[in-house]
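Engineer: Chain by chain, the residues:
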Amino acid sequence: MALPIQILRLDLVMEPFGALISFVIAYYALKAYRLSSERSLLYLYFGFAALGVGMASRFLATFYLLVIFRVRDVFWTGLLEASGLVYGLLRILAYAFFTAAYAGQARKVKGEALPAVLPFIVNPFFDFISVTMLIYITVQSAINFTLTKRADSFLVFIGFLLILFSHVFFMLALIIDDYYFIGHITQLLGLIAMLTMLIKVSKSK
Amino acid sequence: MTALKYRSKLRISIDILTIIAREGGETGPTRILYGANLSHDRLMTYLENLKELGLIEEMKGEDEKTTYRLLDKGVSLLSEFRKIDRLAEAFGVSI
Numbered sequence: 001m002a003l004p005i006q007i008l009r010l011d012l013v014m015e016p017f018g019a020l021i022s023f024v025i026a027y028y029a030l031k032a033y034r035l036s037s038e039r040s041l042l043y044l045y046f047g048f049a050a051l052g053v054g055m056a057s058r059f060l061a062t063f064y065l066l067v068i069f070r071v072r073d074v075f076w077t078g079l080l081e082a083s084g085l086v087y088g089l090l091r092i093l094a095y096a097f098f099t100a101a102y103a104g105q106a107r108k109v110k111g112e113a114l115p116a117v118l119p120f121i122v123n124p125f126f127d128f129i130s131v132t133m134l135i136y137i138t139v140q141s142a143i144n145f146t147l148t149k150r151a152d153s154f155l156v157f158i159g160f161l162l163i164l165f166s167h168v169f170f171m172l173a174l175i176i177d178d179y180y181f182i183g184h185i186t187q188l189l190g191l192i193a194m195l196t197m198l199i200k201v202s203k204s205k
Numbered sequence: 206m207t208a209l210k211y212r213s214k215l216r217i218s219i220d221i222l223t224i225i226a227r228e229g230g231e232t233g234p235t236r237i238l239y240g241a242n243l244s245h246d247r248l249m250t251y252l253e254n255l256k257e258l259g260l261i262e263e264m265k266g267e268d269e270k271t272t273y274r275l276l277d278k279g280v281s282l283l284s285e286f287r288k289i290d291r292l293a294e295a296f297g298v299s300i
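First to last, the sequence lines map onto chains W and X. Residues 1 to 205, numbered by the numbering used here, are exactly what the first sequence covers, in order. Residues 206 to 300, numbered by the numbering used here, are exactly what the second sequence covers, in order.
Some clues are possibly wrong.
[To be verified] Examples of chain X residues lying across from chain W (beta carbon under 8 Å, computed):
no., residue
1, Leu-283
2, Arg-287
3, Ala-293
4, Ala-295
5, Ser-299
6, Ile-300
[As the list claims (entries may be wrong)] Here are the simulated lysine-lysine pairs, DSSO-like style, with alpha carbons at most 27 Å apart:
no., chain 1, residue 1, chain 2, residue 2
7, W, Lys-203, W, Lys-31
8, X, Lys-265, W, Lys-205
9, X, Lys-288, W, Lys-149
FYI, nobody ran anything at the bench for these hints, they're computed from the structure. Idealized CB from N, CA, C, for every residue including glycine.
Please model the complete structure; the sequences and the hints are all you need to start from.
Structural biologist: So this is what it looks like as structure tokens:
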């Protein structure tokens, strides 16, 4: 049974939270880079900043076009598609930075609007590239966890694993709409896992 | 063959500060020398640098022996470094 559209629209609430978490992690990565001058930390900063900018821009575009302007015609759906492309590119850029880091080491939308615009905001090609890079990143974070055996590393591994799953769900969303919502939930959980790690680290003495 | 682990300048400075902190916040150069595993000349260069940054201060005791004392700025840096070290380690990055 398909999820009600009210639940599917929750992505409008989740995306800004995801952006906020990404910006917080980016801020700490930059702080760490400034102190250590370690380039991998700079890559992590750029990666999370790109992810945050991507999520924030797509939230704003989706919110304005679907909620404020109640998009209907080709021009607006074209803009929505463009924002989806920018988001996809920023994500790929973010994952490329993560790969480089490891390599060195709601408002209401019209009821039927979301399924109708899914092809414009979900790009399976970008998601496929993202999945490919995330497999590498997740494996590296898993290796790091097995070496350190620390809860912090485990949370980072879980975070990347969930983000990887979210992209698989986004690809499946073109077949079954419900996966779009599940993808967002999974993505947010992944970022929450990383935020938990950050809180643990910042509270440590 | 034994692999030698490269220590960055920051890591060596942190090692020196950690040794002073472990010795109760003040200790002599000999203890730091052995603890940090540095040559005398290199240690003196690092100590001068840490003094200039206001992280430690040089003290002269009544017996004319030199000791180095960790300052508040040094304590803050140590605490901050431990956090970023954990953050970096969580992502598999070594500083």
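Engineer: Does each hint hold? Answer for all of them.
Structural biologist: Here's how the hints hold up against the structure:
no.	hint	result
1	Leu-283	violated (10 Å)
2	Arg-287	holds (7 Å)
3	Ala-293	holds (6 Å)
4	Ala-295	holds (4 Å)
5	Ser-299	holds (6 Å)
6	Ile-300	holds (4 Å)
7	Lys-203/W - Lys-31/W	holds (16 Å)
8	Lys-265/X - Lys-205/W	violated (31 Å)
9	Lys-288/X - Lys-149/W	holds (17 Å)
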